[in-house]
Amino acid sequence: MNKYYIFFALGVIMYISSCQTTRFPQGEAAYLAYCASCHMEDGKGLKTLIPPLAQADYLQKNSEDLACIIRNGLRAPIVVNGQAYDQPMAGIPNLSDVDINNILNYIKNAWGNDYGTIKLSEVQAQLEGCK
Amino acid sequence: MTTFKYLVLLFAIGAIAACETGNTLSDDGKALPILGERDYENGDTIYHKVPDFSFVNQDSNIVNNETFKDKIYVVDFFFTSCPTICPKVKQQMLRVHDRFKSNDKVYLLSHSIDTKRDTVAKLKKYASALDVKSDKWHFVTGDKDQIYDMADNYFIAAQEDPEAPEGFDHSGRLILVDKDRHIRAFCEGTDPESVDKFMLDIDKLLNE
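Going down the list, the sequences are from chains A and B. The first sequence maps to residues 9 to 139 in the numbering used here. The second sequence maps to residues -7 to 200 in the numbering used here.
If you're looking for bench data, these hints aren't it; they were derived computationally from the structure. Yeah, the Cβ is synthetic: ideal placement off N, Cα and C, and Gly gets one too.
One side of the interface only, derived from the structure: several residues of chain B facing chain A at Cβ under 7 Å:
| hint | residue |
| --- | --- |
| 1 | Pro75 |
| 2 | Thr76 |
| 3 | Ile77 |
| 4 | Pro79 |
| 5 | Lys80 |
| 6 | Gln83 |
| 7 | Ala121 |
| 8 | Leu122 |
| 9 | Asp123 |
Below 25 Å or equal to it, Euclidean Cα-Cα: the simulated SDA-like pairs (lysine to any residue) are:
| hint | chain 1 | residue 1 | chain 2 | residue 2 |
| --- | --- | --- | --- | --- |
| 10 | B | Lys189 | B | His40 |
| 11 | B | Lys80 | A | Leu54 |
| 12 | A | Lys52 | B | Pro157 |
| 13 | A | Lys52 | B | Leu86 |
| 14 | B | Lys80 | A | Ala92 |
| 15 | B | Lys116 | A | Asp94 |
| 16 | B | Lys117 | A | Ala62 |
| 17 | A | Lys52 | B | Val187 |
| 18 | B | Lys63 | B | Glu29 |
| 19 | B | Lys80 | A | Pro33 |
| 20 | A | Lys116 | B | Lys80 |
| 21 | A | Lys55 | B | Lys116 |
| 22 | B | Lys80 | A | Tyr93 |
| 23 | B | Lys171 | B | Asp141 |
| 24 | A | Lys69 | B | Ala121 |
| 25 | B | Lys93 | A | Leu54 |
| 26 | B | Lys80 | A | Phe32 |
| 27 | B | Lys189 | A | Met48 |
| 28 | B | Lys80 | A | Val87 |
| 29 | A | Lys55 | B | Asn95 |
| 30 | B | Lys80 | A | Met48 |
| 31 | B | Lys114 | A | Leu82 |
| 32 | B | Lys114 | A | Ala84 |
| 33 | B | Lys80 | A | Ala37 |
| 34 | B | Lys196 | B | Asp183 |
| 35 | B | Lys171 | B | Pro43 |
| 36 | B | Lys128 | B | Ser94 |
| 37 | B | Lys136 | A | Ala98 |
| 38 | A | Lys55 | B | Thr107 |
Let the hints inform the model, and build the full structure from the sequences given.
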């Protein structure tokens, strides 16, 4: 009988740990490869040099612009959570539409963010309209 | 059987404890080495020494060897528009800055390798965004050849490379220089654990 409890406990542990892995593993991998060197693994950015993505109102307020920002970068000053930032961001032109989609879904839902998800067709529509 | 189990457990604890002590001893027992090539002249050892330099910092003040007289300092190379390793290295430099903030023997020196675009004004803005000041942390620019020559002298790889992101390729090493202009330690500025150990090296140098 004891053995069954052990298996049950193991099952619970495995279930919990599987829940804690990210919902967007491919987005996470691409984020770590292309974004984390500036925005950091925890999405908190760096002082007032690099803006945070974690709990960042900018992501919600400018959700229409995010795909283009990843592809082409950002040269204009922005305000995130009331703080001004004007360090230019380099674009990452070699990311595919799908990569950008994965990254967006990751950052919209990582670090306690709850900004919904975005479809590939929506990402592509944004990318076609990039200025 | 139970006795045997206890013996195994005791052995394991002993092995771990021995290991830990071993590490501590080897860490604390040795002085920091003087790094770099050395020459021998008339029976004396001539160590690699940081040569004379003169750059301009974020407040338009000259920074040269005199700036660090009787001080120790931590060196890195970067550029403000660097989209790759620089912010991570700066995050670690900030840890060093914060840890030795109140120690007036320790300075930081960041060289821009993008001397064309990184003007004094740009460096000023960058330093302000990191919330640090030139009484502790100098961000310098200057003659391009002299900057790259100094990178060589600090054993840091830095080069212009049109293929690299934003045109520059360089390593994220942090270098520790003592008051005699000798290089005493280095670490990988992208790796927090390497920087942890580096900060212990700074402690050790301060105790010399």
